[in-house]
Amino acid sequence: MNTLDDEAIRDLTVQSFTGSVLFQRTFDEGMSLVEETARYLDGPGREEQRHLPRKTAMLYAGESMRVTTRLMQAASWLLVQRAVSEGDMKVEDAQSDRYRLGSKEICFGGGPSDAVEGLPVKLQDLLSRSDDLYRRIARLDDVLFGKAEIPAGARGAMAMLERAFSAPQ
824 MNTLDDEAIR DLTVQSFTGS VLFQRTFDEG MSLVEETARY LDGPGREEQR
874 HLPRKTAMLY AGESMRVTTR LMQAASWLLV QRAVSEGDMK VEDAQSDRYR
924 LGSKEICFGG GPSDAVEGLP VKLQDLLSRS DDLYRRIARL DDVLFGKAEI
974 PAGARGAMAM LERAFSAPQ
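In short: position in the sequence shown from 1, add 823, done, that's the numbering used here.
I should point out that these hints are in silico values taken from the structure, not numbers from a laboratory. Glycine is no exception: its CB is placed at the ideal position from the N, C-alpha and C atoms. Any given hint might turn out to be false.
Under the rule of at most 25 Å between Cα atoms (straight-line distance), these lysine to aspartate or glutamate pairs were calculated in the DMTMM-like manner [to be verified]:
hint: 1; residue 1: Lys-878; residue 2: Asp-954
hint: 2; residue 1: Lys-945; residue 2: Glu-909
hint: 3; residue 1: Lys-927; residue 2: Asp-965
hint: 4; residue 1: Lys-945; residue 2: Glu-859
hint: 5; residue 1: Lys-945; residue 2: Asp-955
hint: 6; residue 1: Lys-927; residue 2: Glu-859
hint: 7; residue 1: Lys-945; residue 2: Glu-858
hint: 8; residue 1: Lys-927; residue 2: Glu-858
hint: 9; residue 1: Lys-945; residue 2: Glu-852
hint: 10; residue 1: Lys-927; residue 2: Asp-955
Derived DEER-like restraints, expressed as beta-carbon distance ranges [what the hints assert, rightly or not]:
hint: 11; residue 1: Ala-884; residue 2: Glu-858; range: 20 to 26 Å
hint: 12; residue 1: Gly-925; residue 2: Met-854; range: 17 to 23 Å
hint: 13; residue 1: Met-895; residue 2: Lys-945; range: 16 to 22 Å
hint: 14; residue 1: Leu-875; residue 2: Lys-927; range: 25 to 31 Å
From just these sequences and the hints, can you work out the full model?
Here's what the structure looks like:
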């Protein structure tokens, strides 16, 4: 059996991930969260913001921008991976900086959890869920396209998934 070079292993790993049930679940979760957030921010969230004290309304504005940025970055990344899965994009193109998960300084930022306690409960929930999704995708992005060495075979695939979905350090 021939030893595969790093590019072949990486291509195989990305293809196997994008064809997996795990990818489909993550994709569905991401797109549903985008829709749910848009409905909230354009409807009930807008009304709730009007009734907040000035300082809290400013925090609401900033955090709604953060949740929107997280979700747009996540959705973009997931759509690129779907394009790879469907053969509309090459893995080499998907791993370029242009298509990597971005805005990490904004998306990982945020005040302490007690700072958002005055925000509407629904926005707090969306912030938490979008943060979780973004962090999972960031780990996947690092494993699939980062400089981390990816071992070949089933053990390598399992190790990649374990690293991608393990709790942040």
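For each hint, the structure was consulted:
Of the pairs offered as hints, the one joining Lys-878 and Asp-954 holds, with about 23 Å between alpha carbons and a cut-off of 25 Å not exceeded. For a cut-off of 25 Å, the pair hint linking Lys-945 to Glu-909 is broken: about 35 Å separates their Cα positions. Annotation: proposed proximity of Lys-927 to Asp-965 holds, straight-line Cα distance about 12 Å (limit 25 Å). For the hint pairing Lys-945 with Glu-859, the CA-to-CA distance comes to about 10 Å; that is within 25 Å, so the pair holds.
Proposed proximity of Lys-945 and Asp-955 is supported: the alpha carbons are some 15 Å apart, at most 25 Å. In summary, the hint linking Lys-927 to Glu-859 is supported, as the alpha carbons are separated by about 22 Å, within the 25 Å threshold. At most 25 Å may separate the alpha-carbon atoms for a hinted pair to count; Lys-945 and Glu-858 meet this at roughly 14 Å. Proposed proximity of Lys-927 and Glu-858 is supported: the alpha carbons are some 22 Å apart, at most 25 Å.
Proximity of Lys-945 to Glu-852 is assessed by CA-CA distance (about 17 Å); at most 25 Å being required, the pair is judged to hold. Of the pairs offered as hints, the one joining Lys-927 and Asp-955 holds, with about 13 Å between alpha carbons and a cut-off of 25 Å not exceeded. A beta carbon spacing of about 21 Å between Ala-884 and Glu-858 agrees with the range 20 to 26 Å that was offered as a hint. Taking 17 to 23 Å as the suggested C-beta distance range, the pair Gly-925 and Met-854 conforms, at roughly 18 Å.
At about 19 Å, the beta-carbon gap between Met-895 and Lys-945 stays in the expected band of 16 to 22 Å. Judged by the Cβ atoms, the range 25 to 31 Å given for Leu-875 and Lys-927 holds: they are separated by roughly 28 Å.
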